[in-house]
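Enquirer: The chain contents come next:
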Amino acid sequence: MAKHTAFMAAATAALLVGGVSGLAAGKAPAAKPVVKHKVVTVTLGGWAAYAGNNVKQMNNFLKPFKKEYPWIHVQYQPVAGNYETVLKTEYVAGDAADVVALNNGGQASPFIDAGDVIPLNSYLAASHESVNDFYQGSSSLFTYQNKLYAIPRDQDVLALFYNKTMFAKAGIKSPPTTWAQLQTDAKILTDAKAHIYGIGIDPSESYWGEFVLQAGGTIFNATKHEMTLNTKAALKGFSYYVNLYRKGYAAQPSTVGATWSGESFGIGRVAMTIEGGWLISSMAADWPSIKYGVAVLPKGPVNNDTLSFPVGWAVSKTAPDKQAAWDLVNYMTDQGQPAWDAGTEALPTRPVNTSIAYFKNHPLWKPFLASLSVARAWTFPNGFDQYASTTLDNQTLLAVEGQESPAAALKHLQSAGQQVFQSQGQ
Amino acid sequence: MNIEAKSASVDGGRGLKPRPGRRKFSRTRLNDLFAGYGFTLPSAFVLFIFTLGPALVAFYLSFFSWSLLNHMHFVGLANFWGILHYSVFWIAVRNSVLFACVVVPVQTVIALALAVLLNQNMPARGFFRLAFYFPSISSSAVITIIFMWMFNQLGLVNSFLSWLGISGPDWLGSPHFALPTIMILNIWTTAGTFMIIFLAGLQAIPVSYIEAAAVDGATGWHTFRRITLPLLRTTLFFIVVMGVIGTLQMFDQSFIMSGGSGGPLHSTTTVVLLIYNFIFAYGNVGYGAAATVLWFIFILGATLATNKWLGQTVDY
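Chains S and V, in that order, give the protein sequences.
What the first sequence shows, in the working numbering, is residues 782 to 1207, in sequence order.
What the second sequence shows, in the working numbering, is residues 6 to 321, in sequence order.
Rather than coming from a laboratory, the hints here were simulated on the basis of the structure.
Everything numeric in this text was worked out from a predicted model, so none of it was measured.
We put the beta carbon where it would ideally sit given N, CA and C, even for glycine.
A couple of the hints might just be wrong.
[Claimed, not checked] DEER-style ranges, computed between Cβ atoms:
1. S:Ala1066 with V:Ala129: 41 to 47 Å
2. S:Ala1123 with V:His181: 44 to 50 Å
3. V:Ile171 with S:Ala1066: 33 to 39 Å
4. V:Asp257 with S:Ala1065: 30 to 36 Å
All chains should be modelled from the sequences, with the hints used to inform the complete structure.
Expert: Listed below in structure tokens is the structure:
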């Protein structure tokens, strides 16, 4: 029976595709043009993704989609300012966009937990795609209880930026590839009297989490129901990071008059920094005279895993036409992904898109692409907003400034996190 | 006055006792009433919708547990209990009170000194009045960002200090100096506004009093202490009350300087910033609302105390 229906569907599709060839370039889902579609409007939310004229560029990006789905009218409503805050109030008021962007760092989980966005597995399957088409480091962020709540549209990962001029002056030929080398190089490059430091890594967990991973530790257990900062591996990773500061080789941004480590690097106050690909466009725009290179992160005792910061498109529960909303999401994250990556200077979430022309023409992205397979999503479960935004930063700062030992800081972080889990259990 | 007297006399002519209730609703009076309320209606409407309404909702929400996204449920006084046992709330209270205790006296004294100075006949008086007032009319966000550049570790202030042979601190990055930096910023911006108000107060003091005192042989300080200052009492009251309320509600400068976190190490967390974070960042609306109610009571108390101290009218 099932076979028969499938055959019928395939036959119909074959007939129809012949009739409408030329409508869609290449990838027309089978039965689409059959029905005379009612014109629908899909609203598209998200923060300003492009620099400059955001709406115009977004409309340009969506032109091919409009050609392929002429009955879906997309209305782009970018949110300026504090995106998640605005999105929360929009869900309260019931006027959130049909398709919304969900961010990393624990910003997606409140919306997923509250059921404001719907699981997309069935839509994904209907479009003959699977979760395995994506890097695990990006899809895992939006996966809750084996359901995928947003399709990763792009990501960024941490890599090592190094100042070529400063390296040459210090006689260092190539960027460090191990923890030991990183520390030695940072020591050589430091000239504290001149306010020049070997490395700048923001005192924040989104910048030191990878050291824990590289030592074989994790922040949470696999199901994200327990803190795992009380392990020896976690302490090893965190201590290595803290020691770069305690030995005087690393500088906080504020120490060198910057607001973030990318800026410390840009103004030539630190010879290395660990940042995401976003620094590439900042360097070009703000500090074009600095000669720099990018390398994959130095290897720790166990691996050279890095953190990834994916963003996804999700469909709101309130969307009146979910299929149309899905068609838009699917276009943007599949056919549209190469154009999106090139336009926004972000990394692809599908391995298949790593070979696109844009990245071939921009070799600085090579180490980032090479890191994608070992990248793990930076995220927090629901309820960790305060923990992520203040508790982690405070303990990091205390450790980095030597007011607390790394072990004491991790102990505090472990118990504070466990408390959050316990309070949710009630 | 005139109209009321007239109507009373008409009633009196008929030998009736004037009844205040009737008098109140005489036609002219009614017209006045309509005109008065009519003209205040737009402002009153705005006040109710955007100020009193949300304030009442805050009271209501303080009894509920709500993350903005989930279903709210009634929890009684649990939010108040929770917030009073939450250490960061007390850090925020301490920061806010400390901020008010330093900023209000200093900015009042500076504003008064500037006003007295610029009330003299001196050259380029207009220029200086404008110069001192200018920070007050500029955007607080822009000024905060300029201050962040000036006060950064390798910025203008520390360059100046090192020229004097002093090694300047990390103003914004150190928990000890972050709040004082905001204090300096706040004093600098607000002193100008209050200077203008003091100037208005000073110019309302009749010159004849000052001249009489001079004839009696009073020195400049005596005149200031015995005549100017007492006659400025109402102005002073206004400025202290506005200063106390304004400083206890400080939010924007902390928010921008710390990037919203109130750091480093909660040193710039003010009560209002904490309230904002509770509601919009931490998904704990009930705590934020409960803190709002507690802080409302505190500010009300502070204002009443100021009123008791400075609010009496001056008798001469």
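Enquirer: Each hint: holds or not?
Expert: Now the hints, each set against the structure:
no.	hint	verdict
1	S:Ala1066 with V:Ala129: 41 to 47 Å	holds, 42 Å
2	S:Ala1123 with V:His181: 44 to 50 Å	holds, 47 Å
3	V:Ile171 with S:Ala1066: 33 to 39 Å	holds, 36 Å
4	V:Asp257 with S:Ala1065: 30 to 36 Å	holds, 32 Å
Consistency with the previously given hints is maintained throughout, with no hint failing.
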